[in-house]
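Student: Sequence:
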Amino acid sequence: MPHSYGVRARTRHMFAKKFRTAGATVHLSQYLMPIKVGDYVDIFANPTIHKGMPHKFYHGRTGIVFNVTKSAVGVRVNKLVNGRILEKRIHVRIEHVRKSKCQ
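With this note's numbering, letter number 101 in the sequence shown gets 111, and the count goes up by one each step, no holes.
Be a bit skeptical, because a hint or two may be false.
[Said to hold, decoys possible] The calculated lysine-lysine pairs, modelled on DSSO-like cross-linking and capped at a C-alpha distance of 27 Å, are:
1) Lys-111 to Lys-66
2) Lys-66 to Lys-109
3) Lys-61 to Lys-27
4) Lys-80 to Lys-46
5) Lys-27 to Lys-111
6) Lys-46 to Lys-28
7) Lys-98 to Lys-61
8) Lys-111 to Lys-89
9) Lys-80 to Lys-111
10) Lys-61 to Lys-80
[As the list claims (entries may be wrong)] Computed spacing ranges between beta-carbons, pair by pair:
11) Leu-96 to Lys-28: 31 to 37 Å
12) Arg-99 to Gly-16: 19 to 25 Å
13) Cys-112 to Ser-14: 33 to 39 Å
14) Asn-92 to Pro-57: 27 to 33 Å
15) Thr-79 to Ala-19: 27 to 33 Å
16) Ile-45 to Met-24: 21 to 27 Å
17) His-23 to Arg-94: 26 to 32 Å
Just so you know, the hints here were simulated from the structure itself, not pulled from any lab data. All residues carry an ideal CB built from backbone N, CA and C; glycine is no exception.
Based on the sequences and whatever the hints tell you, model everything.
Tutor: As structure tokens, this is what we get:
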């Protein structure tokens, strides 16, 4: 069979929940997390929530918040493209973001 080139292609283990943790369980503290412009955040896609999910490339990346809305944050992330580093600006819903411990 020909393999696919879809958005979630080759993410079998990346977007899988651990054993006995399946189900759409997002804690209220995730939504009430104080995030300000300039904060460092880690992008970890929550596979139970499909809305606002980042592309698989950004899963596990760390970026800087440049915009905050009521349900999402804008994050600046570096991406290596053809030998040069580009600064990508993506918007991700708050369920797929956690505060980084890098600072």
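Student: Take a look at whether the Cβ-Cβ distance between His-23 and Arg-94 falls inside 26 to 32 Å.
Tutor: 30 Å Cβ-Cβ, so the 26 to 32 Å window holds.
Student: For the range 27 to 33 Å, tell me whether the beta carbons of Asn-92 and Pro-57 fit it or not.
Tutor: At 30 Å between Cβs, range holds.
Student: Mind checking the hinted window 21 to 27 Å against the Cβ distance between Ile-45 and Met-24?
Tutor: Given a distance of about 23 Å, which is inside 21 to 27 Å, the answer is holds.
Student: Regarding Arg-99 and Gly-16, is the given constraint of 19 to 25 Å on their beta-carbon distance met?
Tutor: holds, 23 Å
Student: Next pair to validate is Lys-66 with Lys-109; report whether the Cα-Cα distance is within 27 Å.
Tutor: OK: Lys-66 and Lys-109 at ~19 Å, within 27 Å.
Student: Quick one, are Lys-46 and Lys-28 close enough, alpha carbons at most 27 Å?
Tutor: violated, 30 Å
Student: Mind checking the hinted window 33 to 39 Å against the Cβ distance between Cys-112 and Ser-14?
Tutor: 34 Å Cβ-Cβ, so the 33 to 39 Å window holds.
Student: Has the given pair, Lys-61 with Lys-80, been kept, meaning a C-alpha gap of at most 27 Å?
Tutor: Cα-Cα ~14 Å, so holds.
Student: Compare the distance between the alpha carbons of Lys-61 and Lys-27 with 27 Å, and conclude whether the hinted pair is satisfied.
Tutor: holds, 17 Å
Student: Sort out whether Lys-46 lies within 27 Å of Lys-80, counting only the CA atoms.
Tutor: Cα-Cα ~12 Å, so holds.
Student: Can you tell me whether the CB distance of Thr-79 to Ala-19 sits inside 27 to 33 Å?
Tutor: Between Thr-79 and Ala-19, where Cβ atoms are some 29 Å apart, the hint holds.
Student: Mind checking the hinted window 31 to 37 Å against the Cβ distance between Leu-96 and Lys-28?
Tutor: 33 Å Cβ-Cβ, so the 31 to 37 Å window holds.
Checked against the numbered hints above, the structure violates only hint 6.
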